[in-house]
Amino acid sequence: MEMIVYLLLLFILLTAFFASFTKDLVNSLIALSLLSSTLVILFIILQAPDVALTEVVVASGITTGFFIITIDKTGGKR
Amino acid sequence: MIEIIIIVILLSALLTFYRVIKGPTVFDRIAAADSIGIMFLLILVLLSLYFQREIFIDVAIVYALLLFVDVLIMAKFFGH
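Sequence lines, in order, name chains A and B.
Each residue of the first sequence is one higher than the last, beginning at 594 in my numbering.
Each residue of the second sequence is one higher than the last, beginning at 541 in my numbering.
Quick caveat, the hints were computed from the structure, so don't treat them as lab data.
None of the values given here were measured: they were computed from a predicted structure.
Even glycine gets a Cβ: it sits at the ideal position worked out from N, Cα and C.
Careful, some of the hints might be misleading.
[Claimed, not checked] To be clear about the criterion: a stretch of chain B counts as covered by chain A if any three or more of its residues have a C-beta under 8 Å from a C-beta of chain A, and this derived list gives those stretches:
(1) 548 to 557
(2) 567 to 578
(3) 597 to 603
(4) 611 to 618
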């Protein structure tokens, strides 16, 4: 089980670097959605299903949808 | 046995993340992110089978629903 946790932490590190250092807002948003969904699996492994459920609903669902609508309405690139 | 399956699925998700980094267009990145989301859904169901707790299935159901809604919103606003 430690190997799975190490791979998940590597995935979180890669998505955080890509979300920080990319030039386009849409790519950063997609990487941020992947980061939050990786964090859900980490909460499941740490035996906290209520925190994982809240993280799924708020961070991976509503925030991504609202950010997509906001980027589309404000025109978007950079 | 279940740990080995989860490790293999995570390695394939790391290989798919290369397409998220170097996809030429936005649609490649959206398709690759959706594929990684389906892999994470499979990992959630396998972890519920590993820990023998049925409440983890609910997280997987909500994540599947919100993944579908999310990709639908992306296709609606970036498809034109």
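Here's how the hints hold up against the structure:
{"no.": "1", "hint": "548 to 557", "result": "holds (count 5)"}
{"no.": "2", "hint": "567 to 578", "result": "holds (count 5)"}
{"no.": "3", "hint": "597 to 603", "result": "holds (count 4)"}
{"no.": "4", "hint": "611 to 618", "result": "holds (count 4)"}
In summary, this structure violates none of the numbered hints.
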